[in-house]
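There are 2 protein chains.
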Amino acid sequence: MSDTDAVLFANEVFYRAFVDRDFAAMDDLWSKTAPVTCLHPGWGPVFGRKQVMQTWKSIISHPDSPRIACHMAQAHLYGETASVVCFEEIDKRFLVATNIFVREDRLWKMVHHQSGPTAAQPEISPEEAPGPLN
Amino acid sequence: MSDTDAVLFANEVFYRAFVDRDFAAMDDLWSKTAPVTCLHPGWGPVFGRKQVMQTWKSIISHPDSPRIACHMAQAHLYGETASVVCFEEIDKRFLVATNIFVREDRLWKMVHHQSGPTAAQPEISPEEAPGPLN
Chain R
1 MSDTDAVLFA NEVFYRAFVD RDFAAMDDLW SKTAPVTCLH PGWGPVFGRK
51 QVMQTWKSII SHPDSPRIAC HMAQAHLYGE TASVVCFEEI DKRFLVATNI
101 FVREDRLWKM VHHQSGPTAA QPEISPEEAP GPLN
Chain C
135 MSDTDAVLFA NEVFYRAFVD RDFAAMDDLW SKTAPVTCLH PGWGPVFGRK
185 QVMQTWKSII SHPDSPRIAC HMAQAHLYGE TASVVCFEEI DKRFLVATNI
235 FVREDRLWKM VHHQSGPTAA QPEISPEEAP GPLN
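Those sequence lines, one after another, are chains R and C.
As numbered in this note's numbering, residues 1 to 134 make up the first sequence, in order.
As numbered in this note's numbering, residues 135 to 268 make up the second sequence, in order.
Errors might be hidden in some of the hints.
[Unchecked claim] SDA-like cross-link-like pairs, simulated, lysine to any residue; straight-line CA separation at most 25 Å: (1) R:Lys109 x C:Lys243; (2) C:Lys243 x R:Asp27; (3) R:Lys32 x C:Glu214; (4) C:Lys184 x R:Ala73.
[Said to hold, decoys possible] Examples of chain R residues toward chain C, derived with CB under 10 Å: (5) Leu39; (6) Gly42; (7) Ile59; (8) His62; (9) Pro63; (10) Thr81; (11) Ala82; (12) Cys86; (13) Ala97; (14) Ile100; (15) Thr118; (16) Gln121; (17) Ser125.
[What the hints assert, rightly or not] Calculated from the model, a selection of chain R residues having no Cβ within reach of chain C, i.e. all distances over 10 Å: (18) Glu12; (19) Asp20; (20) Lys32; (21) Gln54; (22) Leu107; (23) Gly116.
FYI, nobody ran anything at the bench for these hints, they're computed from the structure.
Heads up, the beta-carbon is just placed ideally off N, CA and C, and yes, glycines get one too.
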């Protein structure tokens, strides 16, 4: 698996954990050693692993937790760090996101997420369309 | 100057170039070798140096180009890459931003910017308040 594929896989793990409301998977994905930050849409900045994971626990355990899909993810490598830019689809509205990962041993771990509204729309291939099980 | 200070300085160069409508400074700040991406507020993703710099030229050369100020910038280092999370103030409205920099030789060069709306407000120290010359 190339580095680009490995980063895109980590990005998929992030959205899969969100969709599945799998806090253990989400917790495992975020780095336990590097500085961690998060900018949820509309929120102020959240700094620190404990604080960021509390927000994720709150979001994915909420009964109205939004159903999310990721589209057109593109990874960019900067040595041992990588960014992914992608669209997010929530209730037929679109956002754009920046996700940052760092390589730890052989795994890419998440250290930052920002998501915010966009007037643009992704090109959605049939296999990317949210299915009934998503 | 510590790495953190050098990254925060590069972040200041970004906002100073924006405020001064200094395209040459903006062009010099963005990496000429690493992959470059940008998520302007409300826009779709912009990929590639040429395309990203065209957007900056368009934005800072526009007669109604917004007056911007940066508040509460915090840098996080990941080896040869760094992120800065900060508030942006435009016309008394606030946004939150992610700026990513990579070290090239002894300078930190910008490779990514995302900015989006927030309901939160920064604590603004007197010296950070936009002055009449900003």
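Status of each hint after checking the structure:
Distance check on the hinted pair: R:Lys109 and C:Lys243 sit about 23 Å apart at the alpha-carbon level, within 25 Å; holds. A hinted pair counts as satisfied when its Cα atoms are at most 25 Å apart, and C:Lys243 with R:Asp27 does not qualify at roughly 31 Å. Under the criterion of a C-alpha separation no larger than 25 Å, the hint pairing R:Lys32 with C:Glu214 is consistent with the structure, at around 19 Å. For the proposed pair C:Lys184 and R:Ala73, the alpha carbon gap of about 20 Å is at most 25 Å, so the pair holds.
Using the Cβ-Cβ criterion of 10 Å, the hint placing R:Leu39 at the interface with chain C is satisfied: the shortest such distance is roughly 5 Å. Interface restraint check: R:Gly42 against chain C, minimum CB-CB distance 5 Å, threshold 10 Å, status holds. Evaluation of the R:Ile59 hint against chain C yields a violated restraint, the C-beta minimum of about 16 Å exceeding 10 Å. Because the smallest distance between the Cβ of R:His62 and any Cβ of chain C comes to about 18 Å, over 10 Å, the interface hint for this residue is violated.
Checking R:Pro63 against chain C by beta carbon gives a least distance of about 22 Å; that is not within 10 Å, so the hint is violated. For R:Thr81, the interface hint holds, since its Cβ comes within 10 Å of a Cβ in chain C; the closest pair sits about 4 Å apart. With a cut of 10 Å, the hint placing R:Ala82 at the interface with chain C holds, because the nearest CB-to-CB distance is about 9 Å. Hint status for R:Cys86 relative to chain C: holds, with the closest Cβ pair at about 8 Å, below 10 Å.
The closest approach between the C-beta of R:Ala97 and any C-beta of chain C is roughly 8 Å, which is under the 10 Å cut-off, so the hint is satisfied. Evaluation of the R:Ile100 hint against chain C yields a held restraint, the C-beta minimum of about 6 Å falling below 10 Å. A least Cβ separation of about 6 Å between R:Thr118 and chain C falls short of the 10 Å threshold, and the interface hint therefore holds. Contact between R:Gln121 and chain C, as hinted, is supported at the beta carbon level, the nearest pair being about 8 Å apart and thus within 10 Å.
This hint is violated: R:Ser125 has a C-beta 17 Å from the nearest C-beta of chain C, more than the 10 Å allowed. Interface exclusion of R:Glu12 from chain C stands, the closest Cβ pair being 18 Å apart, more than 10 Å. Here R:Asp20 stays apart from chain C, with its beta-carbon at least about 26 Å from theirs, past the 10 Å limit. The Cβ of R:Lys32 lies farther than 10 Å from every Cβ of chain C, with a closest approach of about 14 Å, so its non-interface assignment holds.
A cut-off of 10 Å between C-beta atoms confirms that R:Gln54 is not in contact with chain C; the least separation is 16 Å. Every C-beta of chain C lies more than 10 Å from that of R:Leu107, the closest at about 15 Å, which supports listing it as non-interface. A cut-off of 10 Å between C-beta atoms contradicts the statement that R:Gly116 is not in contact with chain C; the least separation is 2 Å.
In this structure, the hints that do not hold are numbers 2, 7, 8, 9, 17, 23, in rising order.
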